[in-house]
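Just so you know, the protein sequences line up as chains A and B, in that order.
The numbering of the first sequence is the working numbering, which starts it at 111 and goes up by one.
The numbering of the second sequence is the working numbering, which starts it at 1133 and goes up by one.
Some hints could be false.
Derived DEER-like restraints, expressed as beta-carbon distance ranges [to be verified]:
#1 1203(B) <-> 190(A): 38 to 44 Å
#2 132(A) <-> 1159(B): 33 to 39 Å
#3 193(A) <-> 1135(B): 35 to 41 Å
#4 175(A) <-> 1246(B): 45 to 51 Å
#5 1134(B) <-> 164(A): 24 to 30 Å
#6 1171(B) <-> 194(A): 25 to 31 Å
#7 162(A) <-> 1148(B): 20 to 26 Å
Read the hints as simulated data drawn from the structure, not as lab findings.
Where a beta carbon is used, it is the ideal one built from N, C-alpha and C, also for glycine.
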Amino acid sequence: NAGVTQTPKFRILKIGQSMTLQCTQDMNHNYMYWYRQDPGMGLKLIYYSVGAGITDKGEVPNGYNVSRSTTEDFPLRLELAAPSQTSVYFCASSQGLAGGNEQFFGPGTRLTVL
Amino acid sequence: DQQVKQNSPSLSVQEGRISILNCDYTNSMFDYFLWYKKYPAEGPTFLISISSIKDKNEDGRFTVFLNKSAKHLSLHIVPSQPGDSAVYFCAASGSATSYDKVIFGPGTSLSVIP
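Could you put together the complete structure from these sequences and hints?
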């Protein structure tokens, strides 16, 4: 049982490039989330999904897109990377509502945009 | 405007003593609170939670206290161990934002000195 896995672990992008951050969970969780964490700040919710085919915006969705075609996978797409997107990105999943259930986090992807 | 505040960015405690981490929130509609712990280069892991119908929840060395009138909660670790050195995030959920999302505080970095 691997839990939540994320790839890549590190990535450097040039301004204007695009990339997809991969996230997979093997716990059959319905709820999945993408967060970003900037230095000295808490985790900010980018997008979340309550099941396959259903996604919604979080606090900071601009510049990102997501899709959820399967229960297991929840990729995050960055289009036209900007320096403001330099951050650590965490994917998470939960069995039920995040407010009442433990969220399981992946190890993170450290992204630098130059 | 931060809805969940952790006003101490860092805290140092001697091994064996009590660690007290504090968290304040601004929205009285929050009614579920969680603490997550994060080691460097890893994702956060769930530690303990408390519902607003309780004022205390205990799990081994970890106890969370909730003071609804003051909109304040605290995490007590007794006795503190070097392995407790990590960043601790307070998070809140409820009808203030919706139960499928949580709002994270900025975190407090705890150092337990042997």
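For a quick check of understanding: which of the numbered hints are violated here, in increasing order? 3 and 7
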